[in-house]
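A.B. asks: Read top to bottom, the protein sequences are chains A and B. In terms of the numbering used here, the first sequence is residues 1 to 436. In terms of the numbering used here, the second sequence is residues 1 to 436.
Just so you know, not all the hints are guaranteed correct.
As the list makes no split between identical chains, a pair holds if one copy fits it or if it spans any two.
To be verified - In the EDC-like style, the derived pairs of lysine to aspartate or glutamate whose C-alpha atoms are separated by at most 20 angstroms in a straight line are:
1) K240 to D270
2) K326 to D74
3) K62 to D47
Please keep in mind that the hints were generated in silico from the structure rather than gathered at the bench.
Protein chains: 2
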Amino acid sequence: MQPVKIGILGLGTVGGGTVEVLIKNSTEIAARTGRDIVIHSVANLDDKCLKKLKLSTVKFSKDVFDVINDSQIDIIVELIGGTDLAKKCVIGALEAGKHIVTANKALIAIHGNEIFSLAQKKGLTVSFEAAVAGGIPIIKAMREGLSANKILSIAGIINGTGNFILSKMAEENVKFADALKQAQDLGYAESDPTFDVEGIDAAHKLCIMSSIAFGIKLQFDKVYTEGISAIKPDDVKHAKQLGYVIKHLGIAKQDKNGVQMRVHPTLIPDNKLLSNVDGVMNAVLIQSDALGESLYYGAGAGAHPTASAVVADIIDVARVLTSDPKNRVPHLAFQPNKLQNTTILAIEQITSSYYINLQVIDEAGVLAQISKILSDKNISIEAVIQHDTKNPQPQVPLIILTRQVKERFMDEALTKIAKLSTVHSYNRIRCEQLGD
Amino acid sequence: MQPVKIGILGLGTVGGGTVEVLIKNSTEIAARTGRDIVIHSVANLDDKCLKKLKLSTVKFSKDVFDVINDSQIDIIVELIGGTDLAKKCVIGALEAGKHIVTANKALIAIHGNEIFSLAQKKGLTVSFEAAVAGGIPIIKAMREGLSANKILSIAGIINGTGNFILSKMAEENVKFADALKQAQDLGYAESDPTFDVEGIDAAHKLCIMSSIAFGIKLQFDKVYTEGISAIKPDDVKHAKQLGYVIKHLGIAKQDKNGVQMRVHPTLIPDNKLLSNVDGVMNAVLIQSDALGESLYYGAGAGAHPTASAVVADIIDVARVLTSDPKNRVPHLAFQPNKLQNTTILAIEQITSSYYINLQVIDEAGVLAQISKILSDKNISIEAVIQHDTKNPQPQVPLIILTRQVKERFMDEALTKIAKLSTVHSYNRIRCEQLGD
Chain A
1 MQPVKIGILG LGTVGGGTVE VLIKNSTEIA ARTGRDIVIH SVANLDDKCL KKLKLSTVKF
61 SKDVFDVIND SQIDIIVELI GGTDLAKKCV IGALEAGKHI VTANKALIAI HGNEIFSLAQ
121 KKGLTVSFEA AVAGGIPIIK AMREGLSANK ILSIAGIING TGNFILSKMA EENVKFADAL
181 KQAQDLGYAE SDPTFDVEGI DAAHKLCIMS SIAFGIKLQF DKVYTEGISA IKPDDVKHAK
241 QLGYVIKHLG IAKQDKNGVQ MRVHPTLIPD NKLLSNVDGV MNAVLIQSDA LGESLYYGAG
301 AGAHPTASAV VADIIDVARV LTSDPKNRVP HLAFQPNKLQ NTTILAIEQI TSSYYINLQV
361 IDEAGVLAQI SKILSDKNIS IEAVIQHDTK NPQPQVPLII LTRQVKERFM DEALTKIAKL
421 STVHSYNRIR CEQLGD
Chain B
1 MQPVKIGILG LGTVGGGTVE VLIKNSTEIA ARTGRDIVIH SVANLDDKCL KKLKLSTVKF
61 SKDVFDVIND SQIDIIVELI GGTDLAKKCV IGALEAGKHI VTANKALIAI HGNEIFSLAQ
121 KKGLTVSFEA AVAGGIPIIK AMREGLSANK ILSIAGIING TGNFILSKMA EENVKFADAL
181 KQAQDLGYAE SDPTFDVEGI DAAHKLCIMS SIAFGIKLQF DKVYTEGISA IKPDDVKHAK
241 QLGYVIKHLG IAKQDKNGVQ MRVHPTLIPD NKLLSNVDGV MNAVLIQSDA LGESLYYGAG
301 AGAHPTASAV VADIIDVARV LTSDPKNRVP HLAFQPNKLQ NTTILAIEQI TSSYYINLQV
361 IDEAGVLAQI SKILSDKNIS IEAVIQHDTK NPQPQVPLII LTRQVKERFM DEALTKIAKL
421 STVHSYNRIR CEQLGD
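Chain A on its own, in the form it takes in the complex (with noise of 0.2 angstroms):
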């Protein structure tokens, strides 16, 4: 068969990663794809790496768009990251007749809706594998290995930085901040890690997940998202004595009532594999109704990793190239005329169960007034944690695990809680028994 062409657009981590894996492996990927893959032209702002990476002899240019227009290439391979260039190159190559295939999550949880709709009236494809947890298969799991199920929930650690900080912070007992200068030093975090650890990264992948998961268009603005800044190393210390571990989640679920999408900092029991997923690692728990729970774990970053799902993509669409556009696996799962408008819930309208970490006066009845407040609101609590203080200390913490209630009680109790004159100060997060 005739070999694929394919353009490149940014040679960073992920583009030079893709270059390596395509050159490494080559003989392989031909025998599996049946054809070759062959890199025909590359865009990227200087030249430099073009030795580096083995690519002196293929059509260069500074100019994403010569790259697009070029009427001999198959496949356009997006890896330049960010919203707005990148917008302009897909949608251009749309225009041109290219398929894609990108790594950029910011963009398909930002501007999917857009693009697959113009992807759908062109006949074209759109593949996105690397945009949620990085190599592991996760998209292909959820679109096709799962596709005879009702999805009912994904929980999954999705941002490698953040697991990072919290597995330090729970292996060596250090401060938020002291685990992030480590990530950073390995150069695991940005210098401004805010897409990172405020969970923002984490939503863009979760909206993908979602969408593929219910059936819904993608709406990442209804992405409630709250990062791992506030958590102490007490917390994860408590954590631990009730059985939990705690992990930055992002979670999606769909009941009657609609579709949650949450990433916040999650107590999850630690017998679940989910708890003992460390470092960079990334892992998705999904529960559906035929398969009921099956676990996706790997690599969520990295060079290599990225390029194995951005590689396969390549292959996946080489397959599809001479087939019947309608005959092919839908962008979001479900075919565009099947989306359903169903409700996606606040975060006051969730439920679940509530860890709170209390700084209140070492006196008697302080248990006994929160209590009082949390029953008023039939919240009933599940375990208790008060040490025993040898020296009186003006606070003490006081740690108390809530059973399932729908959020908007548990934040009208805190307000309460909280002008108690015997509370200085609370820190909650939630908790998930992630089925079973």
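Since chain A is already given, all that's left is putting chain B on it; use the hints.
C.D. replies: Then chain B, alone, in the frame of chain A:
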């Protein structure tokens, strides 16, 4: 689009589950696939289940060939099991121009080469996701998700019955026979459990995964197979003391010497995710060059989990009905003319570390004798457990964990050790670090 018409052969556990999932989730399935999947006809030994499965209006026959030769059917779903009639059905259906979906691991492992060759000649697809690890989309992950990778090794818990037994032995400190009895009482094990506990079922699955991983023909007769019936509660206990868990693993690796395929009890470090996969659950750990370590976890058996994979295959086949056969995913991941004649290593040629549980006479100098024999064969000792016995006993356990050594040398050493007058008996189990 036109509905896809399927014919189902066999309405046992998996056949019944497949019908139930197709009916229960028909709306979602049609919304994903873009067309209805219609059960056009079924064959079964008796018609008692038709009413229960809401199939009263579906064409029924006791003769599978009535379904196979029905000209209206696009896809034959073979869920009979076994290798005799099932093979006749699949060959007959291919001859009649029908695509195949099957959950039959024995059929694929033993007759897959012949079946795929015929399918290839006819331009037809044989899908078999449900044959390996039940509902976990592991075939899809390996054939498509990891298509950019050289796969280096596989280690899988791929028999739920065996894993249930070993989990029970570890949790409740019971004997193999008692754990097997529990598995039988719960319906997890057959009254004749040979296929499961002796590793034959796992060997079928490993054979299939190995071909897909390494691009070799199916060679079931070359899979080394060892069961779990000789594992004793003491082994489980000693393994734990050493920081390991005993699992019945299917292991396949490719290195410069060739491919290894082996199913046997294995000590694995207790901090690896795989060691936390308990009960009837399955999981497959894959090492590949671009992605690194990835793991896939879920239900490896049961009516609905297996149906999840069967129906996903039906949807996949529906999608490629109109596609160019050359552009489909090859049955064994690699194009048929690219399969390699890689050497399959005999078990004596593998390298492993070993746990040895020796029953020795409780007297001075025994460890020295044994150490000398190991050292003469260049076998290093990683750890030793000798228990102080309060009451003199005729025999005491001596536990040795070795470093990596070629199995042939280990066998030679053990033959010598067994001849020592101080050694009563021994049991040895291979030990794997599982990467990192």
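A.B. asks: Taking the hints in turn, state whether each one holds.
C.D. replies: Against the structure, the hints:
1. Taking the shortest alpha-carbon separations for K240 and D270, both the intra-copy value of 8 angstroms and the inter-copy value of 19 angstroms come in at or below 20 angstroms.
2. In this homomeric assembly, K326 and D74 come within 20 angstroms of each other (Cα to Cα) both inside a single copy, at 19 angstroms, and across copies, at 18 angstroms.
3. In this assembly of identical chains, the alpha carbons of K62 and D47 lie at most 20 angstroms apart only when taken from the same copy (8 angstroms versus 69 angstroms across copies).
This entry satisfies every hint, going by the numbered hints stated previously.
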